[in-house]
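Starting from the structure of chain A, add chains B and C where the hints point.
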Amino acid sequence: MPNKAGNLYGLTTLCPLLNSSVHNDTFSPVIRLRELLEQYNIVADSSPMRLVPNTYLARFFILDDVIFQSFPYQEEHLKSKYLVFTVNFHGELEQYLEGMYNAIPTDIASIWRDAVGFNVKDAQSFTTYIKKCQVETTFLFNGSTDMSLADQLKSLYIKQEFSDFVFKNQGVEPSVLLQEFKKFIQMTNPTESFPTWKAGVSDLNDIIQYK
Amino acid sequence: MENRIDYHDIQANLMVNYTDFGYLKARYLMIAITNGDKGRAFVSDMQKFITHTPNPHTNIAVQLPKVTTNIAFTYNGLKKLGLPVLTLQSFPDEFIIGMRGRRTILGFDEESAAEHWDEVFNKEIHILLTIDAKTVEALENHYQEIYSIIQKNDGIHLLDGFNNGQGQTTSYQDASALYENGYPTSKEHFGYTDGISNPFFKGMTEEMGNVLGGGKKIAYGDPRSESNWAALETGEFILGYKDEALEYPVAPMPPLLSKNGTFMTFSKFHENVESFNQYLDHAVDKYKLDKEILAAKFVGRWRNGAPITTFPNKEDADKVATQRQQALAAMATAQTTEELLVAKKHFNEINKDFIAFDYDKDVAGGNCPVGAHTRRSNPRGSLEFGNQGAFDTPGALDNRRRIIRRGLPYGTSTPPYNNKGNHGTIIITLTASIKRQFEFVFQQWINYGNDFKLANDKDPLVGNHVRNNGRMVLQGDSSKGEPPHFLCDIPRFIESRGGEYFFLPSITAINMIAQGLVDPT
Amino acid sequence: MSNIAGKAYAMNLITPVYVPTVWLCIFFLPGTLCTFTFVTHWLSNTFDLLPTWLGVLALLLGVTFIVLGLLCWLKIWNKSNEYLLWSLGLCSFVCTTLSSHTTATIILVFTVGVLLIGLGIYFLRDGITWVNRFIFKLAGLTIFQKSAFGGLLTLSLIHYARWVILRDKDFPILSSTQPKEKLKYGYMLFFSNFNGSWTQYVDSFSSAIPGGLNLLWYKNVGWPDAVPETPFNNYVVSKQIWTGHYYNAYPLASSNDVKSAQKVMDEIRGLCTHLDDISVADFKKAYDKATLNLQNDLSRMEPTPIVSLANEAIEKRRRIESNIR
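Here the protein sequences come in this chain order: A, B and C. Going letter by letter, the first sequence gives residues 1 to 211 in this note's numbering. Going letter by letter, the second sequence gives residues 1 to 521 in this note's numbering. Going letter by letter, the third sequence gives residues 1 to 325 in this note's numbering.
Same shape as in the complex, but just chain A (with noise of 0.2 Å):
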């Protein structure tokens, strides 16, 4: 199936929002969703979704019409505004929206709160109503690695570690470099879960996770 590579699952979702002109309200909720995504960007690293599980990467905008490509090309228009909803994640689909949720009630509630035939209560509604809005992705590159994000980001921590001990021990003497060295694996435990990166943080200083 295409929205699999190995593990590597390539979520599509449009979810179709209410129209404010057909459901005679005063606001938009194009411009309220705008609004609230924007939220998201303005503290950096406040991403509701460093919280979900396994998330490598994610994104979300309103497709409010397709393009015109000018003459002689013909001119045409959807007929609801639609939110655009991708993950790349590692894992499979219903375990991963139970994660989403579990993780993020509330943020999906207010992401999700205009869209068409959203009534979600539980994990179990919200994995039914995402799978609703599912397109197949047609092809999926994978350009990166097959492991979890937890591995991932466990390994981007070692490489930047060992980085800093290769750089600082160079042309030491071998005794001291072995001693170093056991403690460089005391400290960073290669083959346990912590200390590791957080995900989604863009500060040096406040990217190591211990426990």
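Careful, some of the hints might be misleading.
[Stated by the list, open to error] Calculated lysine to aspartate or glutamate pairs in the DMTMM-like style (CA-CA distance at most 25 Å, straight line):
id : chain 1 : residue 1 : chain 2 : residue 2
1  : A       : Lys132    : A       : Asp64
2  : B       : Lys420    : B       : Asp109
3  : C       : Lys182    : A       : Glu136
4  : B       : Lys259    : B       : Asp9
5  : A       : Lys182    : C       : Asp266
6  : A       : Lys182    : C       : Asp277
7  : A       : Lys182    : C       : Glu267
8  : B       : Lys291    : A       : Asp65
Hints were generated in silico from the structure; no laboratory data involved.
For chains B and C alone, coordinates are given in the frame of chain A:
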């Protein structure tokens, strides 16, 4: 192939590297315009001095005047000179903003920040005049001639504010080749032989450059064979000609204003010679490395100019460098045209060792480190990482990032070496796009390393290391089991002292500007 | 609005994919007419007596279809698909030679004609997005993967990318009151996560892998070819939708970094077994070997250099805002 370049319409500094022809003294003048019409009158007065490219089919050297003069304009200068808004809008955004506004893109922070720049570069510059001469006297005489014209024109004035190193400022920047025992060298203050490679593009002749190493790499195989190189498209360096994307470069309107012109950057780079020597000594102590090898690994060339990728041994490098030096001397002392021809042929053969190379046999960097200065700024097709055929052409990622380099060192630096003082290099670049070529190289290749798979590692020599945080990997040789070396605590060796972006118009365009006849309608 | 999250850039493109228009229906009519003629002739047992005027008509149609197909192929005329037109043209040519053939041949020709028209109707319903789907299917096969994506892998700028081809019936319907989409074109959505920004790397994509780009955007409406770069860049930028919110789990890592980290991790895990009883000399040997293997994987990761002046200004404001909160 038919050559359609109108040489006489192109300012000579674009096609000819003056230093190759013995012009080892230069003076740079920055001018501000207060009255547009008088500014145009000044441009008009300058027209007769402007040096155009000689006819390349006869001897270039005899056609060049004793002193050359070239002129370039900033965006604000063109605005002051009354170019129409439609034309001004058609210039690229980076040129409109200028170097000062774009300094963070170039990584000019901390010691390179604008407050450390020569005062002149924090002023609004309108015109740049560059004078190149063979002797100080010729330079001085010509300068006086131009100076008196400037003095007589009350609509323009020379900008003051170049630091001269003695706590004073001058109204011009001098530059000169460095001399050793009274003989001129092509070295800069760190002791490296500089300016060996320049791009070779369609329309250039043998006298102007070399397709070997100067062109684009089109095939794998012996880099000393001309069949593996081709001249770059003219449009990478001159507006109005086909470029490597197989189209005319984006250029200001009307076409007559831009054709045969190009964009120019002028930068003053200070060199921390003391830090550099200290770091080499420190690394010799700490890492047990040979000082000269280390210096060569930093740059990718030995200080004598021989590329380390083909000459990993110092003895071989010295030998070939001496031969090249002798061949150069033979050229200089040739008495007859015939002798000169023979000497030149001999030099070209030896010079192949210096220019005709690539990194195909050195993908991992065991000889020339992947992060070395010259390998970064001119990757010679190595960004395919040996995956032959992965891209349309081996140079797909670097053919559009090539830069013509001009300029000379300024100031002197003698032992005991000092970081303070006023010594460094004036770097002038010529490209069809400042953003795609000059800025990209600084932003992505000098001050960042991802394209070389080196994360945030910077160019060891030119990179904007902050608080001695520079690092460099000297790759080992897996075939010999030699482990790599990891160098850290590299300080910033080169600091910006300012600069500006210019438009270098054609002879036709200079006339249009002088007459006030630029019309994009 | 934020296309940038750390070292990754989010690219969203929506490009119309050609779907035969009402014009094509007009071209189907003659084809159907020809087939209909065979049927009636066959029924009346006079198939070897194809009237001359029908023969001439079939010949003219054949020539027309072939010329139109050629125009499509040369990208002069963009309203149809050359292969479809060439099939129809061929079909018409066959009609002109019917008079002297046996019943069996005619039945065969008839079957082929019906099949072709049936396929045409299938295109009409689904657009020719099936061609693009087929391209992706082929490109995804192991044997073609290197030729299709080898350049992209060497370029090594992309974390993940995906192509989603949609027809109007694929747009999700969540309620009975939600109007159904009705679109003449199919649409290809492209989502990419790559290092750098589009402005910085458009040249790299255009000059390194133009063939791959042309293949994957085959027959997208208005697609200009990946070279020259200016029209290609203009096309892409005009089809780009800016991302509202972009999340990246490792803003400090490029795709190269993530891949090299895996290498480092594997080496280190190997190196730390038997640490308690290893001799100093053996360890030094193993360590040197490991660092040699990892020599191009140990550069330090730091925040991305400034991507653009506009983005730098936003980042500055963001830092100030963060401090206020």
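Going down the list of hints, with the structure as the test:
1. A:Lys132 x A:Asp64: 19 Å, holds
2. B:Lys420 x B:Asp109: 18 Å, holds
3. C:Lys182 x A:Glu136: Holds - the C-alpha atoms of Glu136 of chain A and Lys182 of chain C are around 19 Å apart, at most 25 Å.
4. B:Lys259 x B:Asp9: Cα-Cα ~9 Å, so holds.
5. A:Lys182 x C:Asp266: Cα-Cα ~17 Å, so holds.
6. A:Lys182 x C:Asp277: 12 Å, holds
7. A:Lys182 x C:Glu267: 15 Å, holds
8. B:Lys291 x A:Asp65: Violated: Lys291 of chain B and Asp65 of chain A sit about 64 Å apart, past 25 Å.
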